[in-house]
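Visitor: Got two chains here, each in a separate frame; can you build the complex from them with the hints?
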Amino acid sequence: MAFILTAVLVLGLIGLVLGLVLYAVSRKFKVEEDPRVGQITELLPSANCGGCGFPGCAAFAAACVKAESMDGLKCSACKSEVMQQIAAIAGHAIEVGVEKVAVVRCSGSCQNRPDLRIYDGAKSCAAAALMNGGATGCFYGCLGCGDCVKACKFDAISMDPDTGLPVVDQDKCTACGACVKACPRFIIELRNKNKMDRRVYVSCVNKDKGPVARKACDVACIGCGKCVKACPFEAITLENNLAYIDFEKCRLCRKCVDECPQHSISAVNFPPKKEPKPQAEEPAAVQNTESTENK
Amino acid sequence: MNTFTIGGVHPEPNKLTADKKIETLALPKQAVFPLSQHIGAPAVPCVQKGDTVRVGTRIAEPGGFMSASIHSSVSGKVARIDTIVDASGLRKPAIFIDVEGDEWEPSIDNSDKLVLQNNLSREEIIDRIKNAGVVGLGGACFPTHVKLSPPKDCVIDTLIINAVECEPYLTADHRLMLEHPDEIIVGVKIIQKVLGIDRAVIGIEANKPDAIELMQSKMSMVSGIEVMPLKMKYPQGGEKQLIEAVTGRQVPPPPALPANVGCVVQNVGTVFAIYEAVLKNKPLIERIVTVTGKNVKNPCNLKVRLGTPVSQLLEYAGGMPEDTGKLISGGPMMGRPLMDDTAPVVKGTSGILLIPESDAARREERNCIRCAKCVQACPMGLEPYLLATASEQSDWECAEENWIMSCIECGCCQSTCPSRRPLLDWVRLAKNRVGGIIRARNAKN
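So the sequences go chain by chain: A and B. Just so we're aligned, residue 1 is where the first sequence starts under the numbering used here, counting upward by one. Just so we're aligned, residue 1001 is where the second sequence starts under the numbering used here, counting upward by one.
In isolation and in its complexed conformation, chain B is listed as follows (with noise of 0.2 angstroms):
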């Protein structure tokens, strides 16, 4: 089996929600929609205090090339612009609506039904996805349109659908794969006619024997189709560790993109997104969120609205149990600590993880003993400890020169340090800091 091969760490997979089926959460009294739910400018509200929406009309537009719109996932009254605490732990601007009923845009195909029919064109099919709001589920948010429309002067060649969900605890890629596998081909059929190839790979984990059984069971039907299983190895989700597992190619370091060595990356949350965008004009207005945790009375798969506030999940999960230290929002490795659980679910939520106490707190930090072992866990070939440092002194040159901006931020090193030394905190900020240094540059010249 293959796999990618520099660095990567073994966490404990920890998925106790694999063999639960994905849940309906009933509908919010109230949605927020945060206007930053995807990489790139922040969206612009198209609705105004008093306004009256239904499910799927447009709230707010594009706010550039790079951004996406948002719809509301709800019907009823815009009660107010404001900021809210997002998953970001800042407040953001964004739009409140209170809930009526659930009269749905008439345009929208709300049944269940599979639709196969796909006469349109490739700039129709990218002109739906742009219009529904689909960003990259896997939890970056890049916006699909943008990454359907590579440069004219790269060849793609393969279609990758990351189905690897190597992040622990997390399951709503695989239950989403074990229910909807038909609409998940439907939708890859429709990237592959988009990007003008006929090779797919969907790339999963060998610990989801079942859904490789189910998917390869039906490859037998669609020709262009590949399953590919994949030895376990956190970050292989990760879209440049991917490439090289399936496709033993090595992107180069930024600003070389998937798309120089022929691959275009896309998550099985997008796929079904896109299929639901394309062939039944729904917007992205629902996605599966995992509720997990050790300690969790009733881990779920809940197929939930955006906009719907976390403490209705931690609710239907059995209520938030005592000795909670830590509210995440997404997995162990990349999520980030939510400040409450008021925060609504967004584009990119794709789980909330509760930690016990005991597990939560960080353990004093010590010095650097220079084992390497982060060098070593790093997927991306760069030296942890090196960049961690060299911000902890300010020294952006020094993050800079040793390829910070590479970091996929995945936690690998963080997560082997024996000093447990908060390396990855350090070099998120260097890298937030180099990457202002390099756009002011890029903007002077």
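The shape of chain A in the complex, shown without the other chains (with noise of 0.2 angstroms):
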């Protein structure tokens, strides 16, 4: 009976002191924390996905706390009411940013460009990158292994199983820019969301000349500038046999969209159109758009 007396005595014995140490330790090394960072942290939608620049949440929250304004510090993921909500409780003014959301372009489809060639190798579009043009005979439009769908953190992109490629949710996409780094063949950028999500943006990336953009996909740019002369905001410029419009010009009047021969102009979440108007007028003409019609 004694020894058992004995142990627990010299065990309880032993924690006490290990106890008053770690309590001393603690009070000494005690590291202070500013309660705003748990608090911006808590706010944050903890995908760690990298888009603000810094190494996580944690380390972006902290840095909202330390800055003296919140210029250069902005979550991609978050929506602009929560970036307020940040910005109070870091004790900074913020101006509210325009929302934006990933657009895909490229609608290089099975149907509208058919395999040429089998590729076989790593699943993985920057593998396939490396290695040549692809399947297909287009040399920039989109690989479709999906870095991009494994790029997203917030399951916002999947790839179509009929078309082949990434099709963007947009109610999910957070406009982080994850998958616009993941794309070897930079076929995602971040466009405007604009009021009920429409958007008209050229969905093709091809820069080839007309002819040979043309044999390799039905729908890609062929650089033929019509849509340049259709728009009548100056919002679509020319270059490299592209067109791209400008989503800070564009008023989305989609007369581009019906101009384009290759309808590689796409608009999206409009109601459908009515009869179309047989129109004559001629839009406000662009100077210097000899050149890009005899391409």
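It should be emphasised that the hints constitute simulated quantities derived from the structure, not laboratory data. Some hints could be false.
Said to hold, decoys possible - Computed beta-carbon distance windows for the label pairs: (1) D34(A) - K1444(B): 31 to 39 angstroms; (2) P55(A) - K1092(B): 54 to 62 angstroms; (3) P1252(B) - K79(A): 50 to 58 angstroms; (4) P1418(B) - M159(A): 46 to 54 angstroms; (5) K79(A) - S1311(B): 23 to 31 angstroms; (6) A58(A) - G1436(B): 26 to 34 angstroms; (7) A1256(B) - C110(A): 47 to 55 angstroms; (8) R1363(B) - M159(A): 17 to 25 angstroms; (9) P1252(B) - Q111(A): 50 to 58 angstroms; (10) K1029(B) - I118(A): 28 to 36 angstroms; (11) R254(A) - K1092(B): 33 to 41 angstroms; (12) C110(A) - T1342(B): 22 to 30 angstroms; (13) R254(A) - G1435(B): 41 to 49 angstroms; (14) C110(A) - D1127(B): 51 to 59 angstroms.
Glycine included, each C-beta is placed from N, C-alpha and C at the ideal position.
Guide: As structure tokens, this is what we get:
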């Protein structure tokens, strides 16, 4: 009986001494953390996507508290209301930015852009891009191995099994830009979300000359420049045989969509069109279209 | 017999064309010269559309220190400077020349006569090699003049001539040794003079007994050159593997060079090109290409002018068989698949290989079972399964820590994997990314 008592006493004593040491150490080396960091971290999505440029959400929160203003600090995954709450906690003022969404600029589905070869290497767009031009005749378009799907931390991109192209779920997309970085062909772009999620964009990134591009894909931009002429707001530019719509200037009039002979300009989330009016009016002509026309 | 100690595999040799004489292919109608046929900066064109060129006229100048000139292999008119899908599968700038006749630059000695006289100084020789646009013809296309100017603090004592040709199917170097042994010996002497050494070893794998015998019989007349038969093992033709097989020295990981262990390695095809460049003033405008494959009607070794489209080579070999599944530039282990047969022959094209459909398709990929066969096979002592997984997860730091830049992309790991994992594809991707990261870091510092 006595040895049990001895054991209890000795162990109890050791426990007490160690507990006191731990208490003393924890008091002496206490780390003061700003409570705001914890509050902000709770508001953040905890996806650690790295879209803000910091190693994770906690690091971003710490940076918000430390910074003098919110300049350059933006959680790309947070809605603007959340960003405002974060700024309020950190004690900074913030301007409301425009919401963006990832847009896949390629319509080279299996029908539009048939496979000429078989790629059976590693299932990665980056590896395929390194190897050669992919399975189709287009050297610019989607490779279809789903690197963007893998990169998305918000489950907002999926591959459409029918077209073989990635589809962005605009409600889930937070415009963090991870897919933009993951795509080796630079197909995905962050564009303004606009009212009612309406968007007009050139759904092609092929910079080949017209005939080459057309041969590779039925809906490739051939750089004819018709959209440039049609646009009343000078939002469309033509460079390297490829048209690009500036989303800051575009007013969503959709004149270019009707004009494009290749149907490579996409207009999404618009209500179905009424009967096209027979209109003869010339849009405000943009100068210097002669050269592009002759392409 | 010697060989290297770490890893290695034994693929089927399949040397179908070993006894086929080198035949000369007719001139193409149009020759295409991609501007990046070598490691380093692309060459810069020095001709314009409409210019008339002769055989041997320089059409592009080196674009930097690590670069090489390109010469026209045909006479005719420059049709255009445009892009073409070359053997890399990517669209790259190239010079197109419409062929008219066959008129050579007068300075070139285009006879078969063996020239022995070599009164040139070391600098003059290197200059001639540089001006002739000679690059390593083993496949990597490293500019030869750079390789022949090793860093000053390295003492070179051995010149190794790579006549191993360990890659299955290819026989271009084998045939070259059988048909031009004297030229090769003169070439070796030239390189010895440049490096200021008198020891050279020609490493030949044991599956070429006729070449070993012939070269050995020639050695009775010259001193300072040794022929060393080597035990067959892939990838013995790798620079570092060959150095170990011949001298027993191991090259430390990058950035160390073979020169750090006192060796310079040159491919036997390059030696022949050096001979022609220095003593016949002939730039690198043609090379020997093996056209082969199990179902090819007439597999052959062809002497081809650079810039000739692959389709013409296939036509000579009896056309592309119906059941071709893959068209490869190079050998089955390290070669790259071609997009189509319009790609031109470039300096690095050692062979054109047609693989039947039944052999071409990769079988279904399974999970890694940690059997470590790839580790056993890796001739560089790396862990391919780990590197591939790191690459799959974009963990470039892990890949770099585990010496990914030492990988020579020989493909041993992938060929042994029982789960058919595309290890090399992943490793290549990681190597590309890590290389970019290292370059960016160096540029910053």
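Visitor: Now tell me if each hint is right for this structure.
Guide: These are the hints, each one checked on the structure:
Here the CB-CB span from D34(A) to K1444(B) is close to 33 angstroms, well matched to the stated 31 to 39 angstroms. Checked against the given bound of 54 to 62 angstroms, the beta carbons of P55(A) and K1092(B), roughly 38 angstroms apart, lie outside it. For P1252(B) paired with K79(A), a C-beta distance near 54 angstroms keeps the hint of 50 to 58 angstroms intact. At about 29 angstroms, the CB distance of P1418(B) to M159(A) disagrees with the hint of 46 to 54 angstroms.
Between K79(A) and S1311(B) the Cβ separation comes to about 57 angstroms, which falls outside the hinted range of 23 to 31 angstroms. The beta-carbon spacing between A58(A) and G1436(B), approximately 29 angstroms, falls within the hinted interval of 26 to 34 angstroms. Checked against the hint of 47 to 55 angstroms, the pair A1256(B) and C110(A) passes, with Cβ atoms roughly 49 angstroms apart. At roughly 23 angstroms, the beta carbons of R1363(B) and M159(A) sit within the given window of 17 to 25 angstroms.
In this structure, P1252(B) and Q111(A) meet the distance hint of 50 to 58 angstroms, their C-beta atoms being roughly 54 angstroms apart. A hinted range of 28 to 36 angstroms for the beta carbons of K1029(B) and I118(A) is consistent with their spacing of about 30 angstroms. Separated by about 38 angstroms at the C-beta atoms, R254(A) and K1092(B) satisfy the suggested range of 33 to 41 angstroms. Separation of C110(A) from T1342(B) is about 24 angstroms and conforms to the stated range, judged on CB atoms against 22 to 30 angstroms.
Our hint of 41 to 49 angstroms for R254(A) and G1435(B) holds, since their Cβ atoms are close to 45 angstroms apart. Between C110(A) and D1127(B) the beta carbon distance is about 55 angstroms. The supplied range of 51 to 59 angstroms therefore holds.
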